[in-house]
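Each chain, written out:
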Amino acid sequence: MSEKANSNSSFLNDAGNRALIFQAVLLVLVVLAGYYLFSNLQANLDTRGISTGFKFLNEPAGFPILMHLIEYTEANTYGRAFLVALINTFVISILGIILATIIGIVMGLARLSNNWLVARLATVYIETLRNLPLLLQMFFWYFAVLAAMPHPRNSIIFGDFFLNNRGIYSPSPNFQEGMGFVVAAFFISILASFFIIRWAKQRQQKTGEWFPAYWASLATIVGVTLIAFVLSGFPVEFELPNKSRFNVTGGMVLIPEFVAVLIALSTYTGAFIAENVRAGILSVNWGQTEASRSLGLSDTLTQRLIVLPQALRVIIPPLTNQYLNLAKNSSLGGAVAYPELVLVVMGTTLNQTGQAIETIGLCMLVYGSLSLSISLFMNWYNKRMALVER
Amino acid sequence: MAIEFKPSPSLPPPSDSVGPVAWIRNNFFSSPLNVVLTLLSLYIIYLIVPPVIQWGLLNATWEGNNKDACTAGGACWAFINARFDQFMYGLYPPEEYWRINIAAIILVLMVGMYAIKVVNKLYLSIAIIFVYPVIAYFLFSGGVFGLSIVETPLWGGLFLTMLLGIIGIVASFPLGVVLALGRRSDMPIVKSVCVVFIETIRAVPLITILFMASVMIPLFLPEGMNFNKLLRVLIGITLFSAAYTAEVIRGGLQAIPKGQYEAADAMGLTYWQSMCLIILPQALKLVIPGIVNNFISLFKDTTLVYIVGMIDLLGMIQLAKQDPNWLGTALEGYAFAGFIYWIICFGMSRYSMALERKLDTGHKRN
Chain A
12 MSEKANSNSS
22 FLNDAGNRAL
32 IFQAVLLVLV
42 VLAGYYLFSN
52 LQANLDTRGI
62 STGFKFLNEP
72 AGFPILMHLI
82 EYTEANTYGR
92 AFLVALINTF
102 VISILGIILA
112 TIIGIVMGLA
122 RLSNNWLVAR
132 LATVYIETLR
142 NLPLLLQMFF
152 WYFAVLAAMP
162 HPRNSIIFGD
172 FFLNNRGIYS
182 PSPNFQEGMG
192 FVVAAFFISI
202 LASFFIIRWA
212 KQRQQKTGEW
222 FPAYWASLAT
232 IVGVTLIAFV
242 LSGFPVEFEL
252 PNKSRFNVTG
262 GMVLIPEFVA
272 VLIALSTYTG
282 AFIAENVRAG
292 ILSVNWGQTE
302 ASRSLGLSDT
312 LTQRLIVLPQ
322 ALRVIIPPLT
332 NQYLNLAKNS
342 SLGGAVAYPE
352 LVLVVMGTTL
362 NQTGQAIETI
372 GLCMLVYGSL
382 SLSISLFMNW
392 YNKRMALVER
Chain B
109 MAIEFKPSPS
119 LPPPSDSVGP
129 VAWIRNNFFS
139 SPLNVVLTLL
149 SLYIIYLIVP
159 PVIQWGLLNA
169 TWEGNNKDAC
179 TAGGACWAFI
189 NARFDQFMYG
199 LYPPEEYWRI
209 NIAAIILVLM
219 VGMYAIKVVN
229 KLYLSIAIIF
239 VYPVIAYFLF
249 SGGVFGLSIV
259 ETPLWGGLFL
269 TMLLGIIGIV
279 ASFPLGVVLA
289 LGRRSDMPIV
299 KSVCVVFIET
309 IRAVPLITIL
319 FMASVMIPLF
329 LPEGMNFNKL
339 LRVLIGITLF
349 SAAYTAEVIR
359 GGLQAIPKGQ
369 YEAADAMGLT
379 YWQSMCLIIL
389 PQALKLVIPG
399 IVNNFISLFK
409 DTTLVYIVGM
419 IDLLGMIQLA
429 KQDPNWLGTA
439 LEGYAFAGFI
449 YWIICFGMSR
459 YSMALERKLD
469 TGHKRN
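In the order they appear, the protein sequences are chains A and B. 12 is the number of the first residue of the first sequence in our numbering; add one for each residue after it. 109 is the number of the first residue of the second sequence in our numbering; add one for each residue after it.
Be aware that a few hints might be false.
[Said to hold, decoys possible] Listed below are several chain A residues computed to face chain B (Cβ distance under 8 angstroms; list not exhaustive):
id: 1; residue: VAL41
id: 2; residue: LEU143
id: 3; residue: SER342
id: 4; residue: LEU361
id: 5; residue: ILE371
id: 6; residue: SER382
[What the hints assert, rightly or not] Taking CB as the label site, the calculated pair distances span:
id: 7; chain 1: B; residue 1: PRO241; chain 2: A; residue 2: LEU293; range: 48 to 54 angstroms
id: 8; chain 1: B; residue 1: ILE224; chain 2: A; residue 2: GLY27; range: 44 to 50 angstroms
id: 9; chain 1: B; residue 1: PRO241; chain 2: A; residue 2: PHE49; range: 31 to 37 angstroms
id: 10; chain 1: B; residue 1: ILE224; chain 2: A; residue 2: GLY372; range: 49 to 55 angstroms
id: 11; chain 1: A; residue 1: GLU85; chain 2: B; residue 2: ASN336; range: 49 to 55 angstroms
id: 12; chain 1: A; residue 1: PHE49; chain 2: B; residue 2: VAL216; range: 41 to 47 angstroms
Hints are computed from structural coordinates only; laboratory data are not their basis. Every residue gets a Cβ at the ideal spot worked out from N, C-alpha and C, and that includes glycine.
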């Protein structure tokens, strides 16, 4: 573009040159700022006698963690504590995503229901939860609801389930020999159902005959697994929680911290997902529904074959954002003492070791890669579902 | 001999398709599934509404000095009554409350002046963005005109929440615009600096940013130079919100047809002229709902400052419910805080939806 710059225009009036100068200045500023901050950091670390590096990960942590899905005691290392916290964060995120998706779809559809009462109830749910801070909701569930549950000796009882202020107690399964066979059968039947669906699709394209492939595969999965279960002689025993005079022992316990965070995360994010679902369905032109009805498709088929595939294109990108938000928001769990990454690493570990740079860096790295992998997966899915234009 | 065409008058709709009875039938009992849903909804309402009214209004206690006054079995609003000042002003000295009130009144008056035609809106905006904060700062912290000094750790309650929210919103918006423009720039270095900044911030939770602000910033500053924690947290919140605002604005910039850019170039406008006069006004108008949504989540997110040890409205409630006189009043506190947050956030979202409707040109359902 500078080719035709005439001789009497100054060097600075050329857009290309100005861009170069501007960028050079920016680059110098960024580098200088980085150098300034880094040298300050070095000086500060020296004067405070903080050593850098990840050596502290091999030292004994010396603090207990409320919920650990792998073996963990106070004698274990910080590295192990980090792993425990990481697993806790993953567990709450994945369960939260599943629950929030279910709640979101149900509430989104309910808000569009032609039943006036159902639509209003869903609206009230969505508008209430969306407009309250998540931290407030976690505090509400933890301090106002679960802490107000009765003492263990007055537990609320549903069959073999106990509910009290120490958590939810349920029977815990003990797997016996032969469970491997059942699990194998389960996965094989899932594989088989893929083939059933493919075969049904091919047959329909060839002959036009309809085959209820989804019901058939569901029946296959449930049936085969059940048969395997019976054949191997019911290889599961349940350890029932036992209510003694003052406490409930045995069984599986969901601690209140976990329950509060899970409820808050999934109901909060569910309200947002509901709005995404609603927006997606409303984005499908009403003419599509009318056209489908005039072709004589039933309401169910209209939804499944016409509306939903088009709505999903609109729903998936914001849904990705909601999943990311949920995973990142699980970091609030620490505020009600759920031992997730931020509480264990940036809270306790940072306090005990003073390794601010490493612990905060580690957390950012984990969340960064978590965000990246969720968005990569959802982008892949999005691409699969996207409109193929010819 | 033309026969005049006379349309016969339209018949009224069949009597079973209009009126309240038909409405009820269509909405509630149109199919067996609908009947079940209606009954289920009624049951849910029955489960929730009467107990809440019973608890919150009929059996509630409004006056009292401690928990013992609350004997009616319902909500103990006396708790809110007794602690109301602290929920609003935090630990700010009570004899200085008037300073916060005056600042709030000035702000309301200035914003209210937008409605008057006489006032030049540009000057008014400049006054609100540049002059008002200075006045407010000196009012809040004191130290001039004989005002006593109030340290920032004493700032709290709804006052701190509003402070964080308003400053975060006002400061993050221009930064977000600049970042969005930078991300769409042709200059590779500018672009990559903006992309790295936006994506790094969006990938991590706000808590890590706040921890960074409160723990790591002091490490990056020279020995002895350390500034106020409130300011550090504000910087963290502003940077966080700016990254999200930038992405929303980028969406708006992408939606502007190329012809607009070309036309601006053809007129001989400079980059900044074409951006400020042609592109940004259109782009921002397009993304108003998205920006308001960002503001709402920023306002809700201000509660996280509690985790790094500041006592905003929610923090004040956490503190107050531990008072031995008021043990077991958590629910009332959360209900009160929830009410305030809800009013503000719902108000903002309604405003955004009204704008959305005003700008909507799409096709309506049915």
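Each hint, compared with the structure:
Interface restraint check: A/VAL41 against chain B, minimum CB-CB distance 6 angstroms, threshold 8 angstroms, status holds. For A/LEU143, the shortest C-beta to C-beta distance to chain B is roughly 5 angstroms, which falls under 8 angstroms, so the interface hint holds. Of the supplied interface hints, the one on A/SER342 holds, with its beta-carbon coming within about 4 angstroms of a beta-carbon of chain B, less than 8 angstroms. For the restraint placing A/LEU361 at the interface with chain B, the shortest Cβ-Cβ distance is roughly 7 angstroms, inside the 8 angstroms limit, so the hint holds.
Annotation: interface hint on A/ILE371 holds; nearest CB of chain B at approximately 6 angstroms, less than 8 angstroms. Contact between A/SER382 and chain B, as hinted, is supported at the beta carbon level, the nearest pair being about 4 angstroms apart and thus within 8 angstroms. The hint said 48 to 54 angstroms for the Cβ distance between B/PRO241 and A/LEU293, and at roughly 41 angstroms that hint is violated. Our hint of 44 to 50 angstroms for B/ILE224 and A/GLY27 holds, since their Cβ atoms are close to 47 angstroms apart.
Hint check: B/PRO241 to A/PHE49, Cβ distance near 32 angstroms, so the stated range 31 to 37 angstroms holds. Distance hint check for B/ILE224 and A/GLY372: the Cβ-Cβ separation is about 52 angstroms, which falls inside the suggested range of 49 to 55 angstroms. A C-beta distance of roughly 37 angstroms is found between A/GLU85 and B/ASN336, which places it outside the suggested range of 49 to 55 angstroms. The hinted range of 41 to 47 angstroms is satisfied by A/PHE49 and B/VAL216, whose Cβ atoms lie roughly 46 angstroms apart.
Checked against the numbered hints listed earlier, the structure breaks hints 7, 11; every other hint is satisfied.
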